[in-house]
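**Q** Each protein sequence line maps, in turn, to chains A and B. Be aware that the first sequence starts at 1, since it is given in the numbering used here, and climbs by one per residue. Be aware that the second sequence starts at 1, since it is given in the numbering used here, and climbs by one per residue.
Worth flagging that the hints you see were computed from the coordinates, not collected in a lab. Any given hint could turn out to be false.
[Said to hold, decoys possible] Computed, partial: chain B to chain A, Cβ under 8 Å:
#, residue
1, L119
2, L124
3, V130
4, I154
5, L180
6, V262
7, S283
8, L286
9, A287
10, I289
11, Q295
12, L302
13, M303
14, I305
Small disclaimer: the values here were computed from a predicted structure and weren't measured. By construction, the Cβ of each residue, glycine as well, lies at the ideal position given by its N, Cα and C atoms.
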Amino acid sequence: MIFGIDVASMILGGLAAGMVLFIVSVGLSITMGLMGFVNLAHGGFAMLGGYVIVLSMTKLGLPFIIALIVGFVVIAAFSVVMERLFYSKLYRATELDQVLFTIGLVFVMISGVTLLVGPENQPLTLPSYLQGQVDLGFIEYRTYSIALIVIGALIMLGLWLGFERTRIGAQIRAAVDNRRMTESLGINIGRLFTIVFAFGSGMAALGGGLGAEFLGLDPQYALKYLVYFLIAVSVGGLGRVTGVFYASLLIGVLDFVLKKYVPQGGTMFIYVMTILLLLWRPQGLFGRKEA
Amino acid sequence: MTAPPPTQALAERHKLRWWEPLPWILALGFFFAFPNHLGFGAELLIMILFALSLDLALGYAGIVTLGHAAFFGVGAYAVGMLSNHGIWSEPLSGLAIAAAVGALCGLASGYVLLRTTGLTLLMLTLCTMVLLEEAANLGQEWTGGFDGLPNVSIQPLFGVFEFSPLYPTTQYLYVLGVLLLCFILLRTLVYSPFGQSLTGIRENTLRMYAVGAPVRRRLVLCYTISAAIAAVAGGLWAQANAYVNLSVLSLDRAATVLIILVLGGYGRLYGAFIGAVAYMVLSHYLAKIYPTAWQLGLGLMLMIIALFARNGILGIADSVLTRLRGKRAVP
């Protein structure tokens, strides 16, 4: 019985972490799948979003929910500016140029935040209704983790509906599968990408804020978790919302379980799995083979 | 002035140009002019060698890797572990061992990873490097874990010249010698038919397949050589600094070497020299005083290079020169 509770709490914790991973990575997956753009600055947008959210709570006294919305909107708007000014110039450039540009952008973001706010960790204080434990019947668990799981599941549902049931979702799916054909049909890919990019960066900001409580939030955030975001995207498959969802949850739970039972080599196992998986299926677990 | 016909240019491409001995004269001049900065000088030369190894893979063969520090680290740990556990501490053969281990890693990972391209390749090289970093972190008994190996004692070079940490004259000249040897090897290689075929693969892989070139074998061989040279650079780093720590395997170092190469200009050998000098001097003096501003400047520089100056400092110099020449021709 104790063992069962142990497993349940580990899985819940892993799911909560996985949901944050999903919220941050989903935008990266779609932009990479749509434009083939290697955006290493995605973690930077998450970091900036986390800062906007935490600072608007501590400095302006906004409530948590409002701060999350503010973070989403501010970073989405900021990313539209970046996309129009810079990213759009590099769509046809080589991967190397994209990598260099986005690494440079991460450096600028990190040093900019360090100069403006400071290098120290910004603690996030949760509102009282998200603190403490909640009784689930079979187990008592942290309210915030349960809230994260619910939020993540709702976002997944919303995204899935948006992808499958709306016009713009259909356009995005079409463009991921065959960009040229979609362009020939008269769909404005440039505008589509701006929208997706803004939305993805906004989601990253949301994830940065939601995860700040247990991932911490300092300028180095942008690079510290980048490998995890990239793994989630490449395991899930480019441009696949459901793929990233499952991959993120898998990584989240695996990470929790491994840290518990193999505290020494846990991360190594995830890297090895990723390498083997990518060799076996370069398009990711849930991705479709290139035509 | 009439341009030589293309065949002649091709036949004479490997000939020594008048300015090519310059870097070596400057490097020797540095030895006499700044006897107090030889430690920094040795570090600079090592980064040049490391950047050269990346230039072969990235600049000539077009293999975009984010994990080249893996081989640098493997070389450094090979030398460090052999010496620290009292197995082997002769410097030159130590480098040879480092090169062999690096080549082996390059061959194994290249054989497996070079099936893929693009983002997958980026991810795989990156994952391999962080995997090795994690392994070095965990294998405490052998690698010293997070603290690294603090004491890497090296026997005197040729049994005569001591490696003194306070007066790194031996280290500087030793590193310079190894750099020269590796450079001659690389220069010969890139001007050889093998080097030309690598450039061909970079420019148009499909066409190289069509003319019957063994594309994958060439790429794996190139990656192996590049890994061996990177491991030599890592081995030199361990010998010159007399310690090894996790920084030799980090994403930081992989990014640094990429930045150095791109700053100078890739696919042209001398870009590594210009880039390393520009980067190391700036970072050595600026980063200590204003670390944040340095990172900001570096980031902006990278963004500008990616957007406007794809061939780095040498590329800019090239286009300025051709423009000047063009003006002179039309009075």
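**Q** Now tell me if each hint is right for this structure.
**A** We went through each hint and held it up to the structure:
no.	hint	verdict
1	L119	holds (6 Å)
2	L124	holds (6 Å)
3	V130	holds (6 Å)
4	I154	violated (31 Å)
5	L180	violated (28 Å)
6	V262	holds (6 Å)
7	S283	violated (12 Å)
8	L286	violated (12 Å)
9	A287	violated (11 Å)
10	I289	violated (14 Å)
11	Q295	holds (4 Å)
12	L302	holds (3 Å)
13	M303	holds (4 Å)
14	I305	holds (6 Å)
Hint compliance for this structure: hints 4, 5, 7, 8, 9, 10 are not met, and every other hint is.
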